[in-house]
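Sequential numbering of the sequence shown, starting at 0, is according to numbering that gives the first Met the number 0.
Since the hints were made in silico from the structure, they are not lab data.
Each residue gets a CB set at the ideal place from its N, CA and C atoms; glycine is no exception.
Don't take each hint at face value.
[Unchecked claim] Label-pair distances were calculated between CB atoms; the ranges are:
#1 Pro178 with Met216: 19 to 27 Å
#2 Lys19 with Glu65: 44 to 52 Å
#3 Met174 with Ile236: 35 to 43 Å
#4 Val76 with Asp117: 27 to 35 Å
[Stated by the list, open to error] Derived lysine-lysine pairs resembling DSS-like cross-links, with alpha carbons at most 30 Å apart:
#5 Lys64 with Lys203
#6 Lys154 with Lys19
#7 Lys94 with Lys64
#8 Lys185 with Lys71
#9 Lys19 with Lys351
#10 Lys185 with Lys366
#11 Lys95 with Lys64
#12 Lys366 with Lys351
#13 Lys94 with Lys119
#14 Lys119 with Lys185
#15 Lys94 with Lys71
#16 Lys64 with Lys154
#17 Lys182 with Lys64
#18 Lys119 with Lys182
#19 Lys95 with Lys351
#20 Lys71 with Lys182
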Amino acid sequence: MQEIYFNTIAEAIRDIREGKMIIVVDDEDRENEGDFLMAGEMVNTEAINFMVTHGRGLVCAPVNKEIARRFKLNHMVVDGADPDEANFTISIDHKKLTTTGISAADRANTIRELTNSDSKATDFRRPGHIFPLLGVEGGVLRRAGHTEAALDLAKLAGLKPVGIICEIMRENGEMARVPELAKMAKDYGLTFITIKDLIAYRNKTESLVHEVMQMEMPTVYGDFTLHAFQESMTGDIHLALTKGTWDVGEPILTRVHSSDLIGDIFGSRNKQSGDVLHSAMAQVEEEGQGVVLYMNRNQRGSILMNQLQTLKEMQEGPLKDSEVEMNNNPKKGDTRDYGIGAQILQALDVTKLRLLTNNPVKRIGIKSFGLEIVEQVPIHSEKALSQR
């Protein structure tokens, strides 16, 4: 089997700064997709033409929230958006510098004007042929996507927070995978990197969370050590209950639990997230070793109302175990929490997880954050109930 060569992140930053295009591939358990990527302010007609000719995918323009706000780039989808998917805004064309909007020159002009400090929201028509994507704050340390990679690389290169990405497909229309991407990078002299390596690069010098408190926490389910971690960007506090000690790389029984006011505090019969949480605590106590990570979500306003509406609909009948757990997570499978949770677990020397869950779905992109799920362990609610 041919060995795949990946370039360094330093080489990618250099190329982005010089206005060159690179290829970026994500995690094999995510999309395992390769994209052409370059900085928005460096785009030209030739670059767009190369992308659509050899990539064949959709040309998108990752932007940060300041750019989106400035140009009034509202979300394409508000309700029902999947947090694992790209965060599309309404598509645009520049009014004066384009004709139909679809030509390589037109698309290059539209993207370049997003980086122009003199441009205004009224300079763009909607809908159009360029698809801005709103990046998650914190970049790849929160979400391991091409959108965030483009913005991170632009920032690291000292450029404006606008990128260009285009998926790479084979001639038959299927997605190109790593071997084909590596060959393409070699054939065209393009730097080839992984999002996993970009995450590791940023992790060496940056952290989105830091531990602010540690204390003993006796509970009805056992005695734990409580660790409080604070997000540097939001100030949000997340909690981790640990039991016992372990070596780095040892598989550790772990529960990652998203806070749920209705289920955790009030103990609703139809929303049994509290039972799931307490059962996980009981199982960690029984194991004598493990972690219960409590991810704090700010459940305000519409989010809480949506939960209440869902709860009302759920009163029609009992839930299966998997449904209980899915409803424990207001934004199930949200990769924006993977990066924060991963940094907390790594601070606790946990990288291999025996994951406590009744919802055995694939955790998308988790390997990019340096975590490996080696086992999925069912949660037994009766454990907590018997100890009340």
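Here is how each hint holds up against the structure:
no., hint, in the structure
1, Pro178 with Met216: 19 to 27 Å, "violated, 50 Å"
2, Lys19 with Glu65: 44 to 52 Å, "violated, 25 Å"
3, Met174 with Ile236: 35 to 43 Å, "holds, 40 Å"
4, Val76 with Asp117: 27 to 35 Å, "holds, 30 Å"
5, Lys64 with Lys203, "holds, 25 Å"
6, Lys154 with Lys19, "holds, 15 Å"
7, Lys94 with Lys64, "holds, 22 Å"
8, Lys185 with Lys71, "violated, 40 Å"
9, Lys19 with Lys351, "violated, 37 Å"
10, Lys185 with Lys366, "holds, 26 Å"
11, Lys95 with Lys64, "holds, 25 Å"
12, Lys366 with Lys351, "holds, 10 Å"
13, Lys94 with Lys119, "holds, 11 Å"
14, Lys119 with Lys185, "violated, 40 Å"
15, Lys94 with Lys71, "holds, 15 Å"
16, Lys64 with Lys154, "holds, 14 Å"
17, Lys182 with Lys64, "violated, 35 Å"
18, Lys119 with Lys182, "violated, 41 Å"
19, Lys95 with Lys351, "violated, 54 Å"
20, Lys71 with Lys182, "violated, 40 Å"
Of the numbered hints listed earlier, those contradicted by the structure are 1, 2, 8, 9, 14, 17, 18, 19, 20.
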